[in-house]
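Asks: Chain by chain, the residues:
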Amino acid sequence: GNSVTQMEGPVTLSEEAFLTINCTYTATGYPSLFWYVQYPGEGLQLLLKATKADDKGSNKGFEATYRKETTSFHLEKGSVQVSDSAVYFCALSSRNTGGFKTIFGAGTRLFVKA
Amino acid sequence: GAVVSQHPSWVICKSGTSVKIECRSLDFQATTMFWYRQFPKQSLMLMATSNEGSKATYEQGVEKDKFLINHASLTLSTLTVTSAHPEDSSFYICSARGDRGFNEQFFGPGTRLTVL
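Residue numbers (the working numbering), protein chains in the order written: chain A, 550 to 663; chain B, 9 to 124.
Hints may be right or wrong, so weigh each one.
[As the list claims (entries may be wrong)] Distance condition first, Cα-Cα at most 30 Å in a straight line; then the derived DSSO-like pairs of lysine-lysine:
hint, chain 1, residue 1, chain 2, residue 2
1, B, K72, A, K626
2, A, K617, A, K650
3, A, K662, A, K617
4, A, K662, B, K28
5, A, K650, A, K662
6, B, K74, A, K650
7, B, K28, A, K650
8, B, K49, B, K74
9, B, K49, A, K650
10, A, K650, B, K63
11, A, K650, A, K609
Honestly, the hints are just simulated from the structure, not real lab data.
Since this is a predicted model, take the numbers as computed values, not measurements.
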């Protein structure tokens, strides 16, 4: 079946450091890929998405490129801020016999120190 | 953007009582709604998928008689936790997909349930 694997956290960085959170997936067909962010005590918010191979999603300085050849969708940001501290979830959505379903990775907690 | 609300945002109840959580799509029609459960510091676990006017499809291992889901309209779905017990304490998140976005689900802010 479909699955999403993220790097384990927590990830601790200093402000203005470069961020990479790795995400790889296993899926049949052509899924859409997403990164969601969850701030403390809140629900999930869509951060960015890509719907086909080689698409780059970007938002708030974060980027991720849909790499079909490596089945990856790594999240990057050139300079993190304290306010980026949150849990980041990689996810894929695809159609199966039960309709569209979104599967989430385990989440990666990011701490950014001032 | 598309907004999904949940009510209540938190609830505390006694063991053995039932609790209803509402999920509403405020500015779009949600043909499909999803209910997730999230344990502390863990990922979201899909509990069930419901299409408007149809019975919910439950994931393996989720008791449908314990977690009653109703999706009676294109803007409202409810999750009722029946005869709640402390092990049902969790963060419940609903999500909706409809006539907005492409393969995109919009998430509610979640409901924290604590069963004493």
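Asks: I'd like to know which numbered hints this structure contradicts. Please list them from smallest to largest.
Replies: 1, 3, 4, 5
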